[in-house]
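2 protein chains.
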Amino acid sequence: MRVIEGGVCAALGFTANGVHCGIRKNHSKKDLSLIFSSVPASAAAVYTTNLVKGAPITVTKKHIADGYAQAVICNSGNANTCNANGIEIAEAMAELVAKELSIKASDVIVASTGVIGQPLSIEPIAEGLPALAAGLSAEGGKAAAEGIMTTDTVMKEVAVEFTVGGKSCRIGGIAKGSGMIHPNMATMLVFLTTDCAIAPDMLQKALSGDIANTFNMISVDGDTSTNDMVSILANGLAGNAIITAEGEDFTAFMKALNTVTIALCRKIAGDGEGATKLLECKVSGAADLATAKTVAKSVICSSLLKAAMFGADANWGRVLCAIGYSGANVDVNKVDVSFKSKAGIITVCKNGAGVEFSEEFAKQVLLEKEIEILVGLNSGEAEATAWGCDLTYDYVKINGDYRT
Amino acid sequence: MRVIEGGVCAALGFTANGVHCGIRKNHSKKDLSLIFSSVPASAAAVYTTNLVKGAPITVTKKHIADGYAQAVICNSGNANTCNANGIEIAEAMAELVAKELSIKASDVIVASTGVIGQPLSIEPIAEGLPALAAGLSAEGGKAAAEGIMTTDTVMKEVAVEFTVGGKSCRIGGIAKGSGMIHPNMATMLVFLTTDCAIAPDMLQKALSGDIANTFNMISVDGDTSTNDMVSILANGLAGNAIITAEGEDFTAFMKALNTVTIALCRKIAGDGEGATKLLECKVSGAADLATAKTVAKSVICSSLLKAAMFGADANWGRVLCAIGYSGANVDVNKVDVSFKSKAGIITVCKNGAGVEFSEEFAKQVLLEKEIEILVGLNSGEAEATAWGCDLTYDYVKINGDYRT
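Respectively, the protein sequence lines represent chains A and B.
Taking our numbering, the leading residue of the first sequence gets 302, the next gets one more, and so forth.
Taking our numbering, the leading residue of the second sequence gets 302, the next gets one more, and so forth.
Because the hints were derived from the structure by calculation, they are not lab data.
Here the structure is a predicted model, which is why all the values come from computation and not from measurement.
Where a beta carbon is used, it is the ideal one built from N, C-alpha and C, also for glycine.
There may be inaccurate statements among the hints.
Said to hold, decoys possible - Pairs of lysine-lysine, DSS-like flavour, derived with a Cα cap of 25 Å: (1) B/K664 - A/K698; (2) A/K641 - B/K698; (3) B/K698 - A/K698; (4) A/K635 - B/K363.
Unchecked claim - Computed spacing ranges between beta-carbons, pair by pair: (5) B/V304 - A/V656: 46 to 52 Å; (6) A/E660 - B/A432: 28 to 34 Å; (7) B/E682 - A/V304: 56 to 62 Å; (8) B/K670 - A/K651: 43 to 49 Å; (9) A/A644 - B/E396: 42 to 48 Å; (10) A/K635 - B/E671: 44 to 50 Å.
Unchecked claim - Example chain B residues on the side facing chain A (calculated, C-beta under 7 Å, incomplete): (11) D524; (12) T527; (13) L605; (14) G618; (15) Y626; (16) G655; (17) T693; (18) G701.
With these hints in hand, go ahead and build the complete structure from the sequences.
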């Protein structure tokens, strides 16, 4: 397997584009993205578990119920959520795309992200679509990645090449993250594409299995969005024998999918709203996987620890505290904690109590941009990783006045 | 019932004091407090549910197992948690107090608050105790309230006078809050005193019943502390017939207790680390109490909503979002949301969708220091209130470098 360029257009038969259509006031920000497969593709998706769901979620669920889709339309700047006519607008988006691309409206995945509770006007989308569709190209992945950004500071795309049944396949994706990131069963917006041939049910199985250990293990701020969605289109143009059951081919596909999703997780967490650092909490020695995941997620969600990491302060008591209130059944007298980065590794707690350490070296370790918080539970063999970011002045600034 | 002066010394027979003994480097900050009842008192307490527990919690549990106590010793600046010799130090604190006051060590409630995981030296406490005890007086409530402060910006005390069985009684308390505030079953540090005569089991029943709707409904930052404790001493000097069962007297006592605890809740939430505003989320029309409480707490815990309140931004979509992911079974299409303050009341959402409102007036409402977030679920009769604060630059500043 190797990392390649192209993001969501890396797989054969996929084109994409992103434009500014006028949903956002700022003309320099793209706000509408389109991804298109030249042939119908197997489709799968996972969604937010928030009871308040964006209208696009409802429409997309209906459209991919048959296991197939051919295009993804996504706007930023408005979440189309908590609006009286939201479903109508989301359906209209699909119909406009269908007309423009000569496909069925029921083969269009619809997504929106942005402010909740403000009516979304169809006009700018209708006006922008012809140019958006006309500009679809295999070089359009970056433009599509830009069109779904909200407070993200960097565009997020990844792709890898891998082999299934002797055939070279590709899988790639784009993501938007930043705030309201605390996925549960589903996540922020991620659109994945692959030319690997795989049946819809196996595609859904692969995606649902993958996100439990990837996107569901990220937290920026503990707020689970109303519009979370991860979707994947698989158009089969790589020519491999279609994957219809578990086995070697499915395993190869899962591995490639996991490489892409972990890379996107790191990008989303590291670019959390206001973040200056990517935090990875790696828990080992847990009695079982559920314990490892619960502990990792609790640590990564602690506002106090996040603020300490912003200040490069080795305040490991906050790690212990977060483990203690996580709800996991842990013997706190066996817990070891170390911090690790490019600058080195420093152990700060053994058997639940502090050990002497150099504050100066700890500062060096924590001043790096990517910090690993290593938690050893010494009670078993299970492991888990969660991703997050530090809590900064800029998180408050961005969210203190997001709408205006 | 009427509010009176005196805090923890308002009740007959209670004296208190607070001094700087040297645990903190800053000489102008008191770091050791003592509360004393002239006669043995019924005692009850509730504690943190964090699996990582401060050593003082373990010692206090043992000391009040018989239902009685006579003094409270509390230091700030060091939590005496995750230290190899923590229990030994906490026991030594009780023994020093016992010796100084000529009472039993097993009648001393011990508490500590501050940094986790740094050994607590007994020397400054041993040196400070004689002066601390010598200075005990009925005017010492404020000094005691100051001695337990960490990042609190204001001293917190309350007291009321009420009547039980024709006798005038008093109940008062002091609290320290600020950060790591997300109580579960128990809470931050609160020390209550009363001269009402009440049996230990009824005192525990009153306290446990009360905190479920008061301290357990506060959140500053979602982090449940390792050292949370609420304790109450009832010395019976008011001369009422001792309360040994439910009935009119118990109800009168519960009402007075609740008045004091709600006032302390508001003080703790409004003085959350970095806070500029007190937030009260009042949920009504819930199908049951559990739903009302879950929804209120979820709203008050949302980092996004807290940041929006700091910015006086009427971003009600974040209220809906937090209701949606709360885990409560709510019909989101029936939800109404209004914001209320001294400046007035403004409805921003009806039946789960936005209504037109004046952004200018919304800003006026949200620029006040105390904001009510009114959530109507329109599905029943149950109500609940949760208290919190806004998320500000100063929260990040305070916690980015707490130890140094």
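Here is what the structure says about each hint:
no. : hint                        : verdict
1   : B/K664 - A/K698             : holds, 17 Å
2   : A/K641 - B/K698             : holds, 23 Å
3   : B/K698 - A/K698             : holds, 13 Å
4   : A/K635 - B/K363             : holds, 24 Å
5   : B/V304 - A/V656: 46 to 52 Å : holds, 49 Å
6   : A/E660 - B/A432: 28 to 34 Å : holds, 33 Å
7   : B/E682 - A/V304: 56 to 62 Å : holds, 58 Å
8   : B/K670 - A/K651: 43 to 49 Å : holds, 46 Å
9   : A/A644 - B/E396: 42 to 48 Å : holds, 45 Å
10  : A/K635 - B/E671: 44 to 50 Å : holds, 45 Å
11  : D524                        : holds, 5 Å
12  : T527                        : holds, 5 Å
13  : L605                        : holds, 5 Å
14  : G618                        : holds, 3 Å
15  : Y626                        : holds, 4 Å
16  : G655                        : holds, 4 Å
17  : T693                        : holds, 6 Å
18  : G701                        : holds, 3 Å
This entry satisfies every hint, going by the numbered hints stated previously.
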